[in-house]
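With the sequences and hints as input, model every part of the structure.
With the UniProt record's numbering applied, the sequence shown has no gaps in its numbers, which climb one by one up to 201 at the end.
Hints were generated in silico from the structure; no laboratory data involved.
Note that the Cβ used here is the ideal one computed from N, Cα and C, for glycine as well.
What you were told as hints is all true, and nothing was included just to trick you.
DSS-like cross-link-like pairs, simulated, lysine-lysine; straight-line CA separation at most 30 angstroms:
{"hint": "1", "residue 1": "K54", "residue 2": "K42"}
{"hint": "2", "residue 1": "K129", "residue 2": "K91"}
{"hint": "3", "residue 1": "K54", "residue 2": "K91"}
{"hint": "4", "residue 1": "K54", "residue 2": "K90"}
{"hint": "5", "residue 1": "K76", "residue 2": "K54"}
{"hint": "6", "residue 1": "K129", "residue 2": "K90"}
{"hint": "7", "residue 1": "K91", "residue 2": "K76"}
{"hint": "8", "residue 1": "K42", "residue 2": "K91"}
{"hint": "9", "residue 1": "K76", "residue 2": "K129"}
{"hint": "10", "residue 1": "K129", "residue 2": "K54"}
{"hint": "11", "residue 1": "K90", "residue 2": "K76"}
Across the chosen pairs, the derived CB separations fall in these ranges:
{"hint": "12", "residue 1": "V132", "residue 2": "H71", "range": "25 to 33 angstroms"}
{"hint": "13", "residue 1": "D98", "residue 2": "E58", "range": "12 to 20 angstroms"}
{"hint": "14", "residue 1": "D98", "residue 2": "A55", "range": "16 to 24 angstroms"}
{"hint": "15", "residue 1": "A25", "residue 2": "V101", "range": "53 to 61 angstroms"}
{"hint": "16", "residue 1": "V120", "residue 2": "T49", "range": "22 to 30 angstroms"}
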Amino acid sequence: MLTRSPADKKTSRGAARAPGTLARARRWIGRLLGRAPEPPVKRVPPARTSTLDKAELEVVRRHLGEVLDQHPQSRKVMRYARALEHGLQKKGRFALDDMPVETIRCALEQLDTLVTDWSVEGLSTLRSKAAVAIAGRERAEAQRQENRRAAAGHGDVEVEEASVTTFMQANEEWERSFTGNTDRAPLDEAPDPKAAPPAER
Numbered sequence: 001m002l003t004r005s006p007a008d009k010k011t012s013r014g015a016a017r018a019p020g021t022l023a024r025a026r027r028w029i030g031r032l033l034g035r036a037p038e039p040p041v042k043r044v045p046p047a048r049t050s051t052l053d054k055a056e057l058e059v060v061r062r063h064l065g066e067v068l069d070q071h072p073q074s075r076k077v078m079r080y081a082r083a084l085e086h087g088l089q090k091k092g093r094f095a096l097d098d099m100p101v102e103t104i105r106c107a108l109e110q111l112d113t114l115v116t117d118w119s120v121e122g123l124s125t126l127r128s129k130a131a132v133a134i135a136g137r138e139r140a141e142a143q144r145q146e147n148r149r150a151a152a153g154h155g156d157v158e159v160e161e162a163s164v165t166t167f168m169q170a171n172e173e174w175e176r177s178f179t180g181n182t183d184r185a186p187l188d189e190a191p192d193p194k195a196a197p198p199a200e201r
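What follows is the structure, encoded as structure tokens:
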């Protein structure tokens, strides 16, 4: 049977007390400095908005179900319409905000072959709210793409390679400004050491 030594027990007790000790130390320092302890800040995520509200969701689900019930084979043949009905059941009022845009669009196209009267409250709400959701999500996606392109454009830095002569000229100008020696001719004006000396008159 393995037993723990007294030193191990003291170490474990010290480790267990460490968080409380640090908290007490912070409170003591705060009192010493005359500051009241700050309460922990709880970050509350912003409330999420949905295209459909709860009342609209109930009406849409009921009337969509009635249309599909009138055509028993529709749920087997029209998989996008079935997926929309399933999404409204599982995702609730956020279905039009979370489901793939293409799925929603294809579901409406399939429902066009079944629905004879789009003025029914639930069906008209479904079509109008789906159009709003699709337009908003496409605008948001276009903005994200634009932001990505802008970020990628800022990351492209053009570097031009300077010639040796340009570098030497810049270096000499820096040395003259640093030492105050302005009598020395610039590199581009200095005589070529290989050139023949001027003829004496």
